[in-house]
Structure formats: C-alpha cells, structure tokens
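Letter by letter, the chains look like this.
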Amino acid sequence: MSLRVIGGGEQFADGTGISGARLERAMDRFVERFNDLPVRDVARRFVQCQMVLGFQPSPVASAITLPFLNTLNAAAEVADVTPDGFENARRMKSVFVHTDVDVQYAWTAALYFKRPVILRQVDFALIVDSTYINSFAYGAVPPPNRANGDPVDDFHVVVTVDSPFAAEDQGRNTLLLRRGDFRAASERFTTQAPPGTATFRPDHPTNEATGVLVHLRDLYAPVPRDARVRLSLVLPHWAGDLSPWISQPWRLQVYSGCLTFLEQIG
Amino acid sequence: MARISRSRLALGTKLVPAHVFTPLSDAATQFGGLIDRTQIQKNTAPFRLIWHFPFLRGSMILGTEAANPAGSRLVIPFTLPPLQDRFDSAGRSQDDGTRFTLEEIQVSFDQRGEPSVINAGGGAGTAGFMALGAAAQTYDLHVSLREKGQRFYGETDNVPRRDVVSFVFPNALFSGANARFNPAIVTDLNLTLQPYRTFALYLHMEDLGTITADYGLVGVTISLKLRAPLIEPATVAADGVQNMPMKHNGAIQPELIAVNAPAVGATPIRADGVNGVQTNLETVDDVVHAKLNGGYSEWSDLLPAHHHLRDDHAYEVIAVPMFTHEAVDRANATRLPYVGGLPYTGDTADRRIVPIVYPLVVEHVIACINWSDVGASTRPGNADLIHEVGVGLGAGFRADDYDYQEIAYATWNETQASRAALLIDEVKHVDDGILSNPPAGERDADFALMHIPLVYPAAGGTGVGYYTTGAPVFVGRSWFPDTSPRTNIASQVGGALGAPATAGREQWIEVRWRFGNNVGGLNSHPASDTFVGHGGFWVYLVCRKPLVQPHYAAGAV
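First to last, the protein sequences are chains A and B.
The opening position of the first sequence corresponds to residue 1 in this note's numbering, with each subsequent residue numbered one higher.
The opening position of the second sequence corresponds to residue 1001 in this note's numbering, with each subsequent residue numbered one higher.
Pulled out of the complex, with its shape left as it was, chain A reads as follows:
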C-alpha cells in the first residue's frame, strides 16, 4: 500500500531498486510533516465557545418592553421622522402565529463570525417562581383553536444568518434554525418537585429553577465565514390580553439564554 500522508508519495517494494535519494526524500518529508502537523491531521480540532444571555425583568408592571422590540416596523412605532417606507416592515421570518396576535416582541443578540463555525446548541430558559408567574397554558378565555389549559404553542426561538448579498434585507436572510409551534409542556424544565430547600449556596429566595427550557441540541449547523448571525426569542401578545401572556408577556419570567458553537483551532 502506498504512503498516503507521510513520505512525500514515495513507495518502496521488495524487488525494486532502493535509492538513497528516494529514502532521503521520503524521510525528509516525513520528519518535516511530523514536526509541523497541519490542523487537518488532528481529529478533534474544535473548541466550544458559549455566549450567555440573561435578563431579569422588573417585577413591577411597566410599559417598557426593552429589550423586547416589536417585530413590526410601522409609522406608529417611529419617534421622529416617519420614512416613506421601511426596509424591513416585517423583520422576523417564520414567526407567524395567528391574526389575533397583534404584537410580537423579539429580543435579539447578534454575532459576526469572520471564520466558519459550527452551531452546536441553543438554549433559552424561561424561569418562573412565586414572583415571576407564567403557567405557560391558556386560560379560561383561550385564543382561537386552543382550549383552556392547553400549553402555549405561540412563542419562537429563531437563528438567522444575514444574506451576504443583501445583508440588510431580513426577507433574504437564511433561517438557520427555528423552534416554534411546539407545546410548552413538552419543553418543561422539569416535572419533578425539587428536593428540600438546601440546594447550593446561596439558596434562591423562592425555589429551584422551573419553567420552560427550549433545548435545541446536536444541531451541528455550519455557519459560513463572514456571517452575521442573529439569535432571537419572540413572544406573543394576544389581542385582549389573553392569558397566560396577558398585557406584558416580557415581564412574566426570568431569562437565561446560551448559544454554544464550535470554532476550529488555528
């Protein structure tokens, strides 16, 4: 069998001539390669990096939605000079729920990757307790096509990559990942009662983490070089302030988000 990597393409066989020059060349290339291994010779050549997001809303009712912003750009949302038109009147793709959802609020974080990376996992925890209350289930007056007690299926996690040819046109971006139309009951953080009160210090004033964890693992989604990646959590507001999101959906839970990606050594 031939030498596939080392040896510079030389092959030696009994019955053929052996040349000191050939040996010298093969050994020279072998040693040179061995002492200067290219990255492709390393099987595990990636490392993980994690971007951690967090937000704890004020428990006091407030009309300030920040960091959540309306996904719809319209004249009514302009503080000063209204333009003739908007570049991205609807700036979020694939998050439609129902016409009765009159506003959707998106919290977005963006990263630029000069070199290719691999998106490995996306997690968004919506933690609730005795202060942050969200049953993640529709109430006595449910939205259309849903029943009282049905788990919510109306919020989204999306990851997009801006188009390299029309970077500002969100309609042309690539929807790299979308998690929506899922029943929140299938994404519960836990259904177990936490054991006792002593967990680790400091004890949390209320209880152990519970709520919903959108857990998107084993993605292995390649992200090309020079990519503008945007991670968004989109919450709905139903007309009539329907439960559980009521009038201020952003205020009902504490948020932990994490984007895990792999970058190559080098």
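Simulated from the structure, these hints should not be mistaken for lab results.
Treat the hints with caution; some may be incorrect.
Claimed, not checked - Now the stretches of chain A that chain B is said to cover, found in silico as 3 or more residues with beta-carbon under 8 angstroms:
#, stretch
1, 6-15
2, 112-121
3, 146-157
4, 201-207
5, 238-251
To be verified - Under 8 angstroms between C-beta atoms, here's a sample of chain A residues computed to sit facing chain B:
#, residue
6, Met27
7, Glu32
8, Phe34
9, Leu69
10, Asn73
11, Val81
12, Leu176
Said to hold, decoys possible - Here chain B is said to cover these stretches of chain A; the calculated rule only asks that three of the stretch's residues, wherever they fall, bring their Cβ under 8 angstroms from a Cβ of chain B:
#, stretch
13, 60-67
14, 160-172
Bear in mind that the values here come from a model prediction, so they are computed numbers and not experimental data.
Here a beta-carbon is modelled for each residue, glycine too, at the ideal position from N, C-alpha and C.
Following the hints, put chain B in place on chain A, whose structure we already have.
Below, chain B alone, put in the same frame as chain A:
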C-alpha cells in the same frame, strides 16, 4: 520537546537502520500521548469574552456630553488569570502557554432592521420606538481597552491608564439606509494581553440623543475574540481535580505503536516484511491518516488506547451576566424581585442557567461587582448589605431526579474591609470620574473584581489562585456507568469531602448572586447609594476546555 530529528543520508553514506527506523521509532513514541503544540502548525485555540446587555440608556451610561460633561461610560472590567497549574502567586508571567492574543473586537445592537436608534424611555417618547431622523445620525461608538495592575499584587492606582487599543466605529456604520455594519468588528488586532492584569473595556457614544429624548442601545452584544496556546489537560494525579470521572481520572490512554527495526548489519535492507522500510513507514502513515486524537467526548470520556496529543486543552472564559438591567438605588429598589415591601428587607437574587455541552474544568471563579451610575451616586458602605455569589452544578433537566452540587461560593458585605479578604482589584473609570463616589474613608472605585473560591475540604484548599481555593472541578455530562462515577468533591467551601451530589449527572452550571439588607432594608440606605450599577454584575468562569469534534466519527466515543 516532542519534535523528532534524523540523521541525513548523505551521498556515499552506508545505509543503516538508524537512518530510517530511529525517526520512525521516535514518532511512534510521540504517538503515545506526547505530541505537543510545538508540532502542530496552528497551535492556539480561540476563546471569547462575550457580554450581552439587554439595554443601555444613552443619558445614563453611554454618554450624552450635554448632560454629563465629565463623560459617562459603559465600563466592563475583567481579568485573565492563568490556570491553576500555571498560577504564580507573585504574578510573574511565564512562557508556559499563558499568553493571550486579542484577535478581534465586535459590537452589535438591535436596530429593528432599520437605520435607527431606539428610544429607551427615560425621557419623552415611548420606549422601544425607532428614531430615524437626525438623532440617528449623531452617534459615533468609541471603544477602548485599557489595562492596569492589580491591587492583589500591590497596585494602588484604580484607574486603567494604559491604552491597549482604541478606535471609533463612526455612525455611518449604523445609519446607512441600505448598508450597515452591525455587528461592527475590528479584526487582526494581534495584541498580547498579559495575565495578572485587569482590563477594562470602555464603550462611549457621544451625543446619543439629547437630554429631552433618551435614546439607547438594545440587545448590545460585545465580543472579544482571543487566542491562547494549546495546553495539557488537568488530571487527578497532577492537579487533584474534583468530580473527575473515575473511569480515567483525566489520564490519557495512549496508543502504543510498534516500529520493528532490523538489527544492524544482520538483515538485508527490505521494503516489505516485519522489519521492512515500507512496512514501518505505513505503520506511522496509518496513524496520521486516521488523524491524531485528543480531547474529550461530550460524555466526558477519553479515547481508549487511542490518544496521541499531549496538548489537547485550551483556555476558556465564560462571562455570565447577573442583574444586567438599569442601575438600582433606593428610588427604584422595587425593580429588584423578592425584596418585599418597604423597607425592602428581603434578599434579591438573580440566577443564570449555563448548559453543559462539552466537558470543562472550572479553575477560577471571579465576580465583578458594579456600582457605576451617573450623577451624585454613592457606593454603599454598610455592613448589613451582604452579597453572596455561588456556582453550582445542576442535574435534573427533564429527569427523574433533581440535585445540585456546589462548586464555588463566597460572601462579603458592602464595606471595603469585608471585600479585602477576596479582593483581586478595583477599577475607577477615570480620575475624579462621576460614575460613583466612595463612602467616607474608602477608596474611590466603580467596580471590584472578587475572588470566589472553589469548594475545598475542611482540611484546607489545595488549589492555586489569588486566595485560598479548591482544586479544579471537572464539569461534564456522562453516561452510566462509564463516566458517571466521579472522584470526591468537597460539599462546600470548608465542607466534607465525598461523592458529588449530582453523581456525574450534571447538565447545567447555575450561577446565583444574592444580596440584601435584612436589618434596615434597602430603603434605609442613603438615596444616593447604588446597589446595582448600569450594566449589572458579571461572574467569570475561568476554565480549561478540551478539543472536541462536531460529530460522531466511526469508532469514536
């Protein structure tokens, strides 16, 4: 040094086995887990410091010169301590793989897909609305990274004075009608950052809005991409790693490669056969062709008898945000949850869930407390105001059980004397700066970097860091029964040594920060006291991370 050499075969030289088989044997020996970073072309691994701020108001922190002539800034202090096996108590830098290269800085924020700036709601106008007119054309984003010595090593100046890098992102990058550069990025910096130093990233946008319209930045993400050399792993034998899978204790299982050299003079030179040149070259070629292995699987396992690399780990910092919202003082103390009614004697707390994907070894935990605000704000100086910071491992996500294992914890009160026992450094953003004022008799500082010790047994900490700390803690998912049995870990700082409560089943790292005044309540403080500064607190997890692969290769674990 793992590089191999050979004797050259000059013209007319007698060919002996050493010309061929000595370098082959040396290579075979190196395959036994001895290949180090000097043999790999690209031998550094990236890590990122990523900070995300949900929103930052222009008038409060980012700077409107008309309102704040002394200039307010968003300041983010951090430090890059060497890992425990390289930590020098005297702060001496060593050429041992502790060398950080800053490669790029980027800043991004949410503009709602338009060339807009966002109303932050502090003045007239509705928060979240876009401003697309003149206000959107006015902000240049100034970014600078500065460094200083650390109080721990005797530095007495709290102001970072040395400018590592400084640049401006002009407003044209963000206000273009059809083309914007957001995220804005500066690459190829190639700046060396030294360990045992405190760095502070400054962010400032002059004239962001006016004093009547409070504009701000929403969804601000700041990323520093750095590089550090590949390093060897931490093991139970060398480092006393806690919570390490007992299957391997961190010790690699090298692949044993046999090269069969012929005897000198007794055997004719052959290509084939057991002692043949081609045969033994192929033996080495096969190993390289199958690719060299190192690192960990996502299930905390090492490759059985198939490990080639010695330097298969890298430096990592995970920046965890806590209370990252607007500044909190007595006037808006109800902005904090769990404090109860007046006088707010309840403790408030925040927690973050960081999922465990690939294994890590946590080596240091550093907390950054922030009192920065504008105006006549003061830093609290009250022994009744107590902070607690803890890091734990959690098991129980969609599982039958629910457990936590503490891995780091510290507590202090809001007096300079109390912080002294854990103080790494203090930062004041500028001489006579307006971000905060100290209590009487205390040093002027807007931020403090605090050491949070890893758990260690009652007999004492065996780890190495700024102050007493425990041995590094392995963190990783497992599969039963292979990698779930773990070495002992202290139950808490000064606690009993025993089996981990999470029993190798950890799925997330949970960071908690709790503080409060249970005596007089937050309302008993002066109105000027800032409990949480703009931009919030941060907890830095300084770790050692392994090389990993993004998919399951045939035969791999």
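Original post:
In ascending order, which of the hints set out earlier in this document are inconsistent with the structure?
Top reply: Numbers 3, 5, 7, 12, in rising order.
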